[in-house]
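Here is how the chains run, residue by residue.
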Amino acid sequence: MALRYFPMTLPRSFRAIAALIGLSAGVRAAEFSPAIVYDMGGKFDRSFNQSAYNGAEKFKKDTGIAYREFEVTNAAQREQAFTQFARRGATIIVGTGFTQASAIEKVAKQFPNVKFAIIDAVVDLPNVLSINFREQESSFLCGMAAALVSKTGKIGFVGGMDIPLIRKFGLGYAEGAKYVNSSMEVFQNMTGTTPAAWNDPTKGAELAKSQFGRGADVVFHAAGGTGLGVMQAAKDAGLLSIGCDSNQNYIHPGSVLTSAVKRVDNAVYKVFTDAKNGTWKGGQIYLGLAEQGVDFALDENNRKLITPEIEAKLDAAKADIIAGKIKVTEYKAQ
Amino acid sequence: MSAPRKLPRWAELGLLPLVNLLAALILSGVVVKILGESPWAACKLMLAGSLGTQDGIGYTLYYATNFMFTGLAVAVAYHAGLFNIGGEGQAYIGGLGSGLVALWLGDRAPFAVVLPCAILGSASFGAAWAFIPAWLQARRGSHIVITTIMFNFIGAALMTYLLVNVLIKPGQQSPETREFGAGAFMPLASDVLAKVGITFAATPLNFAFVLALLAAVLVWVLVWRTRWGYAIRVAGQNQSAAVYAGISPPRIIVQAMLLSGALAGCLGLNELLGAQHRILIDCPGGAGFVGIAVALMGRNHPVGIFLAAVLFGALAQGGSQLSFDMPKINRDMVVVIQGLVILFCGALENMFRVPLAAMLSPFAKKQKPAA
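Chain order of the listed sequences is A and B. Taken in order, the first sequence gives residues 1 to 334; the numbers are from our numbering. Taken in order, the second sequence gives residues 1001 to 1371; the numbers are from our numbering.
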């Protein structure tokens, strides 16, 4: 009978399984094992996903704990990725992007003992931490900065895909510009209607050029990889652009006015660290200017563009937003 | 036949695709090696991940279901001499059709009622989306390749508008509808098999797989066993002969494209009613384009399309397992492997035909030469 082979094969296959789920030596029963699932943009989009990647890398550097990762290419893979990580003993799994919400909701119900975190969406379960940013606040400051440096009184905005999140950026930006000068003209364009709109630098450049042609001299992008084309077009035309999500001032120093920074990296880092230290809690958190979750970027690359007067005005507005004196409208899907 | 030398039928249908596949895999192995991973281990991972586990099989067949619908769509049009590149858009709009039915009836009717309505919804919406390019081709001579490609974008724009402004579930970021009512859920393979006492891993594989097989049979019967199918094939191969035989090519163009669009539209049954249970942005996820490769590789025959769809399903599923377990092989690498398979099986298929025919000629001589 095959039974007599069991004593020999069992330890070996057990070891293989143990190695597979990361238990390796098997001294500690449940080792801390974080994981992250990037969305369609890919982890090297120099923007949103990459910011999450930077946070995870920083965690790895500081603690020496390796993390697992997966880049999604189609809708069905989301659920699959979360299920596999959960099954293979991940302690905490972060999903970047609102598109992951339904997958996390499904998998989190199946694995109530695994911790989940989602960025840019709300999943109302006890083992899920929902992290949202108030992008409209940083967009407001960027709109102000654009209006303060604009000589033509016209500025532009290039969004990626036309979805509520991107309208949120656009609305905050326009409000910021109008706060400085109510006659400011703001051109808004969306790159496309398919997810390819996040990664189409050629079209981004064309849209930026058309806005320049209509008289704009500063253009803000919220378009992931497409934004690189927007920024290149601004540099080629000798005009200004504003970066998004990550600090993109370094991409074309002297041509990037500032960046609407969204500290996804800090959020990921904090989620991993809290989970490791046992201080992790489910629920919802909102990160705005007050929590330093969003901000405008100021470094040596754009120091010359943001004069002390502009900086003072931006800082004053920032304080007013934090104090609640300026109310920035949040775009809400109806 | 345009083939330089004729191969025996078994070699044409069995050996040649296998040799092509092998060549693609060897070249992929070289790329994997360059990236610093073991090609052998990668190959094993891909196979085990796609066909070696219940999980893998479930996902492979689930992807294959999508590819079968779109592959059949391309094949039907191809037999009528049309190159339908609009499978993506037709599948997207077809998804809207099945999704609307599911949203409307899911809460108030049992599955037995929802299913025929959903099939009707997806097929009619998909067919409607194919109708305009078909009409333009038939009556105005606008080239179908160009118009169907453009209709992919128009379809995407329409769907984005509807999902962002009209159908979105209020109070959320993600442009998707609310979840369908339970009456609109396709029975999952794991649930159905559990009822007869077989445990199968929970995967999105669902009843739509059976529907895809039925669609393949239907296409076979329609194209090869009916007068209408004969008319399609005649019009596809020689329009003048068709006119001489009393067949109206414009009418055939429209009819074939309607069927093609309807087949592509049925993707929504698998993707939305089977797996996602809501209408979401970009739900075909490129399956419309994969369908072109599937049809080419499957020689536009339902059996071939089934096999090619399973192969591409296995590549999609095995590829995602590969990037899961070998971090150096990212998703772009998986696309490279898939691309190589398409290149060797589609574009370069004549490369091995000549040497293969030479090798096999001693055997071929014994056969009676074909008339």
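Among the clues, some could well be false.
[To be verified] Some chain A residues near chain B, calculated using beta-carbon distances under 7 Å:
(1) A66
(2) Y67
(3) F70
(4) T73
(5) N74
(6) A76
(7) T99
(8) E105
(9) A121
(10) I163
(11) V180
(12) E185
(13) N189
(14) T193
(15) T194
(16) A196
[Claimed, not checked] Here are the computed distance ranges between Cβ atoms for each label pair:
(17) G1171(B) x D315(A): 31 to 39 Å
(18) L1051(B) x A66(A): 54 to 62 Å
(19) K313(A) x V1335(B): 44 to 52 Å
(20) V1196(B) x K106(A): 22 to 30 Å
(21) E311(A) x V1335(B): 24 to 32 Å
(22) I1146(B) x D124(A): 46 to 54 Å
(23) N1165(B) x D299(A): 36 to 44 Å
(24) V1031(B) x L125(A): 55 to 63 Å
[Said to hold, decoys possible] Which stretches of chain B does chain A cover? Using the computed rule of at least three CB atoms under 8 Å from a CB of chain A, they are:
(25) 1030-1044
(26) 1058-1069
In short, the hints are calculated from the structure, not lab data. Nothing here was measured: the structure is a model prediction, and the numbers come from that model. The beta-carbon is built from N, C-alpha and C at its ideal position, and this holds for glycine as well.
Subject >> Restraint check, 7 Å cut-off on beta carbons, for Y67(A) near chain B >> reply: Y67(A) check fails; min Cβ-Cβ to chain B is 10 Å, beyond 7 Å.
**OP:** Given the hint of 24 to 32 Å, check if E311(A) and V1335(B) actually sit that far apart at their C-beta atoms.
**Re:** 45 Å, violated
Original post:
Quick one, is the T73(A) hint okay against chain B at 7 Å, beta carbons?
Top reply: Since the shortest Cβ distance to chain B is 5 Å, the answer is holds.
**OP:** For the range 31 to 39 Å, tell me whether the beta carbons of G1171(B) and D315(A) fit it or not.
**Re:** At 33 Å between Cβs, range holds.
Subject >> Interface restraint verdict for N189(A) against chain B (beta-carbon cut-off 7 Å) >> reply: This interface hint is violated because 14 Å lies over the 7 Å limit.
**OP:** With a cut-off of 7 Å on the beta carbons, see whether N74(A) makes it to chain B.
**Re:** 4 Å, holds
Subject >> Status of the given 46 to 54 Å range, CB of D124(A) versus CB of I1146(B) >> reply: About 47 Å separates the Cβ atoms of I1146(B) and D124(A), which means 46 to 54 Å holds.
Original post:
Cβ-Cβ distance between K313(A) and V1335(B): within 44 to 52 Å?
Top reply: 47 Å, holds
Original post:
Taking 55 to 63 Å as the hint, is the beta-carbon distance of V1031(B) and L125(A) inside that range?
Top reply: 41 Å, violated
**OP:** Answer holds if the nearest beta-carbon of chain B is closer than 7 Å to that of V180(A); otherwise answer violated.
**Re:** 28 Å, violated
Subject >> Proposed interface contact between F70(A) and chain B, which counts if any beta carbon pair is under 7 Å >> reply: At 6 Å from the nearest chain B Cβ, F70(A) passes the 7 Å test, so the hint holds.
Original post:
Does the nearest C-beta of chain B fall within a distance shorter than 7 Å of the C-beta of I163(A)?
Top reply: 5 Å, holds
Checked against the numbered hints given earlier, the structure breaks hints 1, 2, 8, 11, 12, 13, 16, 18, 21, 24 and 25 and satisfies all the rest.
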